Amino acid sequence: MFLSFDGIDGVGKSTQLQLTASWLEGLGHKVTCCRDPGSTPLGESIREIILNDKQLPVSLRSEMLLYMTARAQLVAEIIQPAMELGQVILSDRFLLSNVVYQGHAGGLDPAEIWEIGLAATGGVLPDLSIVLNMDLPEAMARLGEEKDRMESRGEEFFGRVQAGFLHEAERDPESVQVVDAAGSQQEVQLRVQEIVQQQLQASTM
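All the letters of the sequence shown, read from the start, carry residue numbers 1 to 205 under our numbering.
Just so you know, the hints here were simulated from the structure itself, not pulled from any lab data.
Computed from a predicted structure; not experimentally measured.
Among these hints, one or two may not hold up.
Said to hold, decoys possible - The following label-pair restraints were derived from C-beta to C-beta distances:
no.	residue 1	residue 2	range
1	F157	G28	39 to 47 Å
2	G26	F157	34 to 42 Å
3	L166	G122	25 to 33 Å
Every residue gets a Cβ at the ideal spot worked out from N, C-alpha and C, and that includes glycine.
From just these sequences and the hints, can you work out the full model?
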């Protein structure tokens with residue numbers, strides 16, 4: 001089973017992914033965690049360019065394609081081997097992020113990004129993308145003072161990002177499910193566990 005965790009910056013994706021991994025391991029599952037971009041030498045190098053090198057000009061289309069390159073390596077080096085071993089894969093972001101950030105929020109064609117993404121991953125997609133969602137001002141307040149390239153784009157941009165995630169969830173509710181990220185970490189985790197448990201049951205039928 002392959003799950004991705006997504007949502008606007010500040011909603012707690014990474015925390016919920018780690019809590020979910022610990023819960024699944026407690027149930028006896030072998031779990032592989034990764035982040036997109038990242039988790040491979042190539043992916044981490046690209047991550048540094050995209051997110052942290054604010055002086056380097058990167059066009060929107062170049063940005064999208066850099067993400068695709070990192071993701072292609074992530075699939076080849078980590079996700080596909082874990083799938084072959086029958087492990088549960090949890091990814092901090094995946095293709096849906098490109099569709100929303102560079103597509104819905106950035107202005108590129110979301111359908112084109114989906115098409116390029118499928119080519120980049122060889123058709124590998126999460127069984128389910130879990131989108132954590134909360135009020136935009138609350139999420140923005142959680143961001144630290146040192147913001148990366150994405151986090152620096154401002155509340156108006158992130159409003160479009162949030163709307164893009166909700167649009168994709170409405171368009172394909174079987175593949176993208178929204179979870180209320182308001183409340184304590186454990187409250188949110190219980191909501192996530194309910195959805196993941198359903199997915200586990202579906203994957204064994």
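Looking back at the numbered hints, which does the structure fail to meet, lowest number first? Hint check: nothing fails, all pass.
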